[in-house]
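Protein sequences, first through last, are from chains A and B. Per our numbering, the first sequence runs over residues 1 to 116. Per our numbering, the second sequence runs over residues 1 to 191.
Please note that a few of the clues may not be correct.
Claimed, not checked - The calculated DSS-like cross-link candidates involving lysine-lysine, where the alpha carbons are at most 30 angstroms apart (straight line), are:
| hint | chain 1 | residue 1 | chain 2 | residue 2 |
| --- | --- | --- | --- | --- |
| 1 | B | Lys12 | A | Lys12 |
| 2 | B | Lys148 | A | Lys16 |
| 3 | B | Lys67 | B | Lys91 |
| 4 | B | Lys20 | A | Lys12 |
| 5 | B | Lys148 | B | Lys123 |
| 6 | B | Lys54 | A | Lys26 |
| 7 | B | Lys54 | A | Lys12 |
| 8 | B | Lys20 | B | Lys90 |
| 9 | B | Lys119 | A | Lys38 |
| 10 | B | Lys148 | B | Lys127 |
| 11 | B | Lys119 | B | Lys131 |
| 12 | A | Lys38 | B | Lys12 |
| 13 | A | Lys38 | B | Lys127 |
| 14 | A | Lys88 | B | Lys119 |
| 15 | B | Lys148 | A | Lys26 |
| 16 | B | Lys12 | B | Lys162 |
| 17 | B | Lys131 | A | Lys16 |
| 18 | B | Lys67 | A | Lys16 |
| 19 | A | Lys38 | B | Lys20 |
If you're looking for bench data, these hints aren't it; they were derived computationally from the structure. Nothing here was measured: the structure is a model prediction, and the numbers come from that model.
Listed below, chain by chain, are the residues.
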Amino acid sequence: MLDMINNEDINKEVDKTLQSLDGLNKATANPFLFTRIKSRMQRQNGWEKATSLLNRPLIAFAVLIAVIAINTWAVLVSDEQQQINKDKGGVAILEIADEYNLVANNNYYFENIPNE
Amino acid sequence: MITETVLIDQLKKKDESAFKEIVEQWKNMVYNTVLGIIQNESEAEDLTQDVFIKVFENISSFKGGSKLSTWIYRIATTTALDHLRSKKRKKRFGYIFSLGGNENNETDQIPDFLHPGVKLDNKERAKTLFKAIRQLPENQKTAYVLHKLEGLSYREISEVMKTTVPAVESLMSRANGNLRNQLEKFYRNEN
Numbered sequence: 001m002l003d004m005i006n007n008e009d010i011n012k013e014v015d016k017t018l019q020s021l022d023g024l025n026k027a028t029a030n031p032f033l034f035t036r037i038k039s040r041m042q043r044q045n046g047w048e049k050a051t052s053l054l055n056r057p058l059i060a061f062a063v064l065i066a067v068i069a070i071n072t073w074a075v076l077v078s079d080e081q082q083q084i085n086k087d088k089g090g091v092a093i094l095e096i097a098d099e100y101n102l103v104a105n106n107n108y109y110f111e112n113i114p115n116e
Numbered sequence: 001m002i003t004e005t006v007l008i009d010q011l012k013k014k015d016e017s018a019f020k021e022i023v024e025q026w027k028n029m030v031y032n033t034v035l036g037i038i039q040n041e042s043e044a045e046d047l048t049q050d051v052f053i054k055v056f057e058n059i060s061s062f063k064g065g066s067k068l069s070t071w072i073y074r075i076a077t078t079t080a081l082d083h084l085r086s087k088k089r090k091k092r093f094g095y096i097f098s099l100g101g102n103e104n105n106e107t108d109q110i111p112d113f114l115h116p117g118v119k120l121d122n123k124e125r126a127k128t129l130f131k132a133i134r135q136l137p138e139n140q141k142t143a144y145v146l147h148k149l150e151g152l153s154y155r156e157i158s159e160v161m162k163t164t165v166p167a168v169e170s171l172m173s174r175a176n177g178n179l180r181n182q183l184e185k186f187y188r189n190e191n
């Protein structure tokens, strides 16, 4: 009996809940929606223009050549720079070695080994 | 007042005033539909913008086989459902990610949704109903939202969903059955 009453109550609740959207007012969109859409389209257009420009074969080829040229130049310059640094470093080491007479003493221990 | 045919012709020529007219005329319809499916106001606003951008970009593919509003409804429901699918994918990915030790479960917490047009004394019941609507399969959800929130007839829904009237009747009956089952479970657990 208690179960039946309970079931009846539950059915009533379910019916009421299913009817809770009756007479619902429609939600209204943002009054500035058009302005927002326009600005979003302009933003998209700017990006699209940039990408469509890159899609042109001539422009794409030119950009590719420019990128390769910049890379080659960067590699060459860094090689040259490394060589200069190496040379500078070498000279400096020799100067220090000279100053402290390190080169002459390289075989010091060997020279002082008594003859057997 | 400009007729629909003239409006479409002007839009095909990318006329801005025609586009504005279309947005102003159908923005509430699109927003209300998307909101009913998505159940999130800020996402619904972004998606409403998406819908109109799609309308503007794809108007040349509109052949006039149906009313413009039917075509716009179709874009709105497809956009909303696509968004839900992508959210589900992210949620699944988030779950897999969390198994790997990441504790970010942000996607799991969906807040209760209250439609702004619900009458004050129906608020709590409507929240419960929207929670149940969220669990419906896509087609049933679309038919239910178009009928209950937008007030479309079964014929109009069949045109939007590119199906027959009996198919919509069946969808609605299954949707009502599923909602009833879910609500029964909910109230039984509550007691």
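Does the structure keep Lys148 of chain B and Lys26 of chain A at a Cα separation of 30 angstroms or less?
The hint holds at about 10 angstroms.
Is the hinted pair Lys38 of chain A and Lys127 of chain B satisfied, with a Cα-Cα distance of at most 30 angstroms?
34 angstroms, violated
Holds or violated: Lys119 of chain B to Lys131 of chain B, with C-alpha atoms at most 30 angstroms apart
17 angstroms, holds
Would you check the hint for Lys38 of chain A and Lys12 of chain B, treating anything up to 30 angstroms between C-alpha atoms as holding?
17 angstroms, holds
Are the Cα atoms of Lys148 of chain B and Lys123 of chain B separated by 30 angstroms or less?
16 angstroms, holds
For the pair supplied as a hint, Lys119 of chain B and Lys38 of chain A, confirm whether the alpha-carbon distance does not exceed 30 angstroms.
Judged against 30 angstroms, a Cα distance of about 34 angstroms means the pair is violated.
Pair hint Lys54 of chain B and Lys26 of chain A, alpha-carbon separation not exceeding 30 angstroms:
23 angstroms, holds
Going straight from one Cα to the other, do Lys131 of chain B and Lys16 of chain A come out at no more than 30 angstroms?
This hinted pair holds, its Cα atoms lying about 15 angstroms apart.
Against the 30 angstroms threshold, does the CA-CA distance of Lys148 of chain B and Lys127 of chain B hold or violate the hint?
The hint holds at about 15 angstroms.
Within 30 angstroms, alpha carbon to alpha carbon, are Lys54 of chain B and Lys12 of chain A?
Violated, because 44 angstroms separates the two Cα atoms, which is more than 30 angstroms.
If you draw a straight line from the CA of Lys88 of chain A to the CA of Lys119 of chain B, is it 30 angstroms or shorter?
85 angstroms, violated
Within a Cα-Cα threshold of 30 angstroms, do Lys20 of chain B and Lys12 of chain A meet the stated pairing?
Not OK: Lys20 of chain B and Lys12 of chain A at ~46 angstroms, beyond 30 angstroms, violated.
In this structure, the hints that do not hold are numbers 1, 3, 4, 7, 8, 9, 13, 14, 18, in rising order.
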